[in-house]
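Engineer: Could you build all of it, start to finish, from the sequences and the hints given here?
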Amino acid sequence: GAVVSQHPSRVICKSGTSVKIECRSLDFQATTMFWYRQFPKKSLMLMATSNEGSKATYEQGVEKDKFLINHASLTLSTLTVTSAHPEDSSFYICSYSTGTYEQYFGPGTRLTVT
Amino acid sequence: AQSVTQPDIHITVSEGASLELRCNYSYGATPYLFWYVQSPGQGLQLLLKYFSGDTLVQGIKGFEAEFKRSQSSFNLRKPSVHWSDAAEYFCAVGANSGNTPLVFGKGTRLSVIA
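Going down the list, the protein sequences come from chains A and B.
If you want my numbering, it's the 1-based position in the first sequence plus 242.
Each step along the second sequence adds one to the number in my numbering, with nothing skipped, and position 41 is 38.
Take the hints with a grain of salt, since some may be wrong.
Facing chain B, a subset of chain A residues (Cβ under 7 Å, in silico) [what the hints assert, rightly or not]:
id: 1; residue: Thr274
id: 2; residue: Phe276
id: 3; residue: Ser285
id: 4; residue: Leu286
id: 5; residue: Leu288
id: 6; residue: Ser339
id: 7; residue: Gln345
id: 8; residue: Phe347
id: 9; residue: Pro349
id: 10; residue: Gly350
Bear in mind the hints are in silico, worked out from the structure with no lab data behind them.
Ideal placement from N, C-alpha and C gives every residue a C-beta, glycine not left out.
Structural biologist: Structural data, given as structure tokens:
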């Protein structure tokens, strides 16, 4: 099956700094990728849909100026958490669709803001 | 819009016993249904999926699920649970478009006791 990587797998940053998370599709060119956020012991919450070459579409309640998404190529999408605060600590997961109604998920990135 | 309900937040099963995790969906058209498993701190692993055809689908790790349109259900089953099956299980539904995100249920946490 399709392979998705995320980097870093874990990151700890200080409050007020920015963190960039990369999501790469290793064997497929993905025009659409999705970013999810998962709070401890909770389900996945869709944050935004990332479209290659165009602006991301954010879900209601997600601050687009805080969570910057860049889908610069068919194999790379990045999520930047700007001016991170402790409440941004979470597990962030990317995925992409192959167009066959399936999604392939990255292994996730654990962000801890101190 | 589609939605997924997993009625059981937490289930405890004895090792070797059978397992059934419930999932009910709401979607106006033919749904695309998935079960994922997540171990603590890890990403999502696809267990099985239903797109069409045989309503009983086989997955990895000895899991199976049955699609029942009349009950809007897609319950996950395993005849004999192993201790390594302890994890969080998510049911998800997809729309009939490859580039729309999956909608997840809130998950069921499975504990396995000796």
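Engineer: Against each hint, give a clear statement of whether it holds in the structure.
Structural biologist: Hint-by-hint comparison with the structure:
With a cut of 7 Å, the hint placing Thr274(A) at the interface with chain B holds, because the nearest CB-to-CB distance is about 4 Å. The interface hint given for Phe276(A) is met, as the beta carbon of that residue sits about 5 Å from the closest beta carbon of chain B, less than 7 Å. Hint status for Ser285(A) relative to chain B: holds, with the closest Cβ pair at about 5 Å, below 7 Å. Proximity of Leu286(A) to chain B holds as hinted, the smallest CB-CB distance being about 5 Å (cut-off 7 Å).
For Leu288(A), the suggested interface contact is upheld, since its CB lies about 5 Å from the closest CB of chain B, less than 7 Å. Nearest Cβ of chain B to the Cβ of Ser339(A): about 5 Å, under the 7 Å cut. The hint holds. Interface restraint check: Gln345(A) against chain B, minimum CB-CB distance 5 Å, threshold 7 Å, status holds. Satisfaction of the interface hint for Phe347(A) is found here, the shortest Cβ-Cβ separation to chain B being roughly 4 Å, below the 7 Å cut-off.
The closest approach between the C-beta of Pro349(A) and any C-beta of chain B is roughly 4 Å, which is under the 7 Å cut-off, so the hint is satisfied. Look at Gly350(A): its Cβ gets to within about 4 Å of chain B, closer than 7 Å, so that hint holds up.
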